[in-house]
Amino acid sequence: MRIICITLICFSTLTLWAQKDIQKKIQTQLIEATDGSTVELPEGIFQFDASLSLDGKRNVTIKGAGENKTILNFKRQISGAEGIKITNAFNITVQDLTVQDTKGDGIKTQLVEGITFKNVKAEWTNGGQKDNGGYGLYPVQCTNVLIDGCSAVGASDAGIYVGQSKHIIVRNSKAYNNVAGIEIENSWYADVYDNEAYDNTGGILVFDLPDLIQKEGGYVRVFKNNIHDNNHINFAPKGNTVGKVPQGTGVMILATRHVEVFENKIVNNISIGTAIASYFITENPINDTSYHPYPSDIFIHNNYYERPHVKTTSKGRMGKMFRFKLHMGKNVPHILFDGIENPNMKDRNICIKNNQNQSFINIDAGNKFKNRSNDLKAFDCEQQPIKAVELSASE
Amino acid sequence: MKKRIVILCIGLLIVSFFSFRSNGSVERKDTLSAYGFFNGVLAKLEPAEGVVLYNLNTPLFSNYTEKLRFIKLPEGMQAVYNDSSVFTFPIGTVLIKNFYYPNDFRKPEKGRRILETRLLVNTEGGWEAWPYLWNDEQTEAFYDPAGETKTITYIDKAGKRITTPYAIPNKNQCKGCHIKDKIMVPIGPSARQLNGDLQSASGKQNQLTYWKEKGMLTALNDIHTSPKMAVWDDAATGNVNDRARAYLDSNCGHCHSKLGPANTSGLFLDIHEKDPAHLGINKSPVAAGRGAGDLQFDIVPGQPQHSILVFRMKALDPAIAMPEIGREQVHKEGVALIEEWIRKNTF
Chain A
1 MRIICITLIC FSTLTLWAQK DIQKKIQTQL IEATDGSTVE LPEGIFQFDA
51 SLSLDGKRNV TIKGAGENKT ILNFKRQISG AEGIKITNAF NITVQDLTVQ
101 DTKGDGIKTQ LVEGITFKNV KAEWTNGGQK DNGGYGLYPV QCTNVLIDGC
151 SAVGASDAGI YVGQSKHIIV RNSKAYNNVA GIEIENSWYA DVYDNEAYDN
201 TGGILVFDLP DLIQKEGGYV RVFKNNIHDN NHINFAPKGN TVGKVPQGTG
251 VMILATRHVE VFENKIVNNI SIGTAIASYF ITENPINDTS YHPYPSDIFI
301 HNNYYERPHV KTTSKGRMGK MFRFKLHMGK NVPHILFDGI ENPNMKDRNI
351 CIKNNQNQSF INIDAGNKFK NRSNDLKAFD CEQQPIKAVE LSASE
Chain B
1 MKKRIVILCI GLLIVSFFSF RSNGSVERKD TLSAYGFFNG VLAKLEPAEG
51 VVLYNLNTPL FSNYTEKLRF IKLPEGMQAV YNDSSVFTFP IGTVLIKNFY
101 YPNDFRKPEK GRRILETRLL VNTEGGWEAW PYLWNDEQTE AFYDPAGETK
151 TITYIDKAGK RITTPYAIPN KNQCKGCHIK DKIMVPIGPS ARQLNGDLQS
201 ASGKQNQLTY WKEKGMLTAL NDIHTSPKMA VWDDAATGNV NDRARAYLDS
251 NCGHCHSKLG PANTSGLFLD IHEKDPAHLG INKSPVAAGR GAGDLQFDIV
301 PGQPQHSILV FRMKALDPAI AMPEIGREQV HKEGVALIEE WIRKNTF
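In order, the protein sequence lines correspond to chains A and B.
Residues in the first sequence are numbered consecutively from 1, following this note's numbering.
Residues in the second sequence are numbered consecutively from 1, following this note's numbering.
Simulated from the structure, these hints should not be mistaken for laboratory data.
Possibly wrong hints are sitting among the right ones.
[Said to hold, decoys possible] Incomplete in silico selection of chain B near chain A, CB under 8 angstroms:
no.	residue
1	A167
2	A235
3	P261
4	V286
5	R290
[Said to hold, decoys possible] So these bits of chain A aren't anywhere near chain B, every CB distance computed over 10 angstroms:
no.	residue
6	I31
7	K118
8	N226
9	T241
10	K265
11	D364
12	L376
Keep in mind it's a predicted model, so treat the numbers as computed, not measured.
Quick reminder that beta carbons are idealized off the backbone N, C-alpha and C, glycines included.
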């Protein structure tokens, strides 16, 4: 017995040492990577106690042996607010690997021109818990962002989150068990298509928030996605804006302009199929005088809606609103507009047309919900289609 | 003909000699001792000729380490003074920062353990960070860009035995703090930080005066008009607001400023920030993830217990803790200052 114990202790110490060596080796490779090189990560599960970082590089690929074959696990992490951080770089690809159980964000990329995630998974293995990190895949202040064939699971904010970026494609990806599945925030020119977002609190969110460097976003297309069963309880920390998203939300457009949502399947999301809301719905104060809190130029068309005959959530501030102000019972309309008027813009160009099973409510939230209406007449219009995103070719 | 060639050669030699000198560039070496910054036993950190010790009024907290800072300017060259930001240093300047723990904080004579020496070198291509890790024997420090985590034990000021992980940052993480508008820069040596006394063998002297007298600094006219930052833990140097703003500037402002890497958050804590919302007052967090806790605003005037700023300073979880690196322990005294500042509500 004693020998077994000693052997076990020796073995575990050895593997720990080996892990520490691998951490150092990979980090050194990332620091020394030359222009045009590929840092190959072998198959296996590797433990890290600190973030890995790539900085100031051009044309570098970080490549594993496969999404579920190369697993970087950060459960024992004691330093760094993300698993992998990529900064101040040009044309970087991360592919064929999984980042697990980071304390903060999974993979954060900041100030990168040309960032591709392909077949990458960011996950928290214990499912949706409030102690999980905020974002799975997290490009911020980047241009030419491609997220293709990726997965994000269990983020306490957003699984796939693109913030303050320009020229973005998110496709063929899956997001589940997150608070927000996929979120495009304060970003310009984004195409989000052929994704599956399910079992999140909210499936796909397009947000514009105040107080940021990149002030506003727009020209976002959300199409051909399968957005279903996003009824996960909201487990975001309270202060975060996504903490206000009601459980059971398919798509939410918050304060963003020029958004087209079409040909999606938006199914079995119990509270709202598609929401169009101003920032006032968050009840947060606005200190930023240059911020536009109203959504406009919105086109919701040719989507398929379906929901079970059940009540909305009654949780959170929005749940209270459903329950005590809107009195919808089990007949919940698919599309919700907050109806808060912009005094400076009478015609907001919000068009809702040709959706299968479409139903609608204007909740008149700016007027104590007094003049609620299901009348779509004022929204029966069309918008010019938004142009497809083209990522500029890398050098 | 031969004579002319010889003269030409000598001429070339002289030219190349002078261009080499004025260029003053420093090459990276594998060991710290190879630079010759220190005389005698390396671990004593006795500065060689031309290597000058300096202090900052309010330094960055780094997991309770003590720091010894030195500067080496290329021979005959000077830093250029300005009032508001870090001085302009000539190419070839090396800033040498040594991180150590006294074995017993109450008894410095019991020795110390030096963990790392970080060189910030102004090269032709801009500033670069070269980290050196000390060996356990304390005889040498070796260039190591990858960083690592060590376990440290020491006796703190209260006589308590502390065992703490100490994460030595990697080269990229150095840049994580030292970057401003995409360019790597030093953080410490500005007028407001250096405008204070340095105790040396020859007595007490103001550092700016000393630098000027030694010919290390140009463009400084009158030291009496130079800004002076409060010493965060010395009430004689400023009121709570001055000291809290000094602390936030040194510990947060390098990232949390309009041109720093944390500008994505809209929270700016550098000493120049005047806008209350950007300073965090009743400001909602952005992309803070779990960092927000269950709190609504970065700073709630009068209520440190409801302010995200304090929550994150008190956290050890790497997803929440601020600053993001060098914070394996909570800086209790720093937290107390910021709590007092928010409670008194005299922003």
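**OP:** Could you work out which earlier hints the structure fails to respect and list their numbers in ascending sequence?
**Re:** 2, 6 and 9
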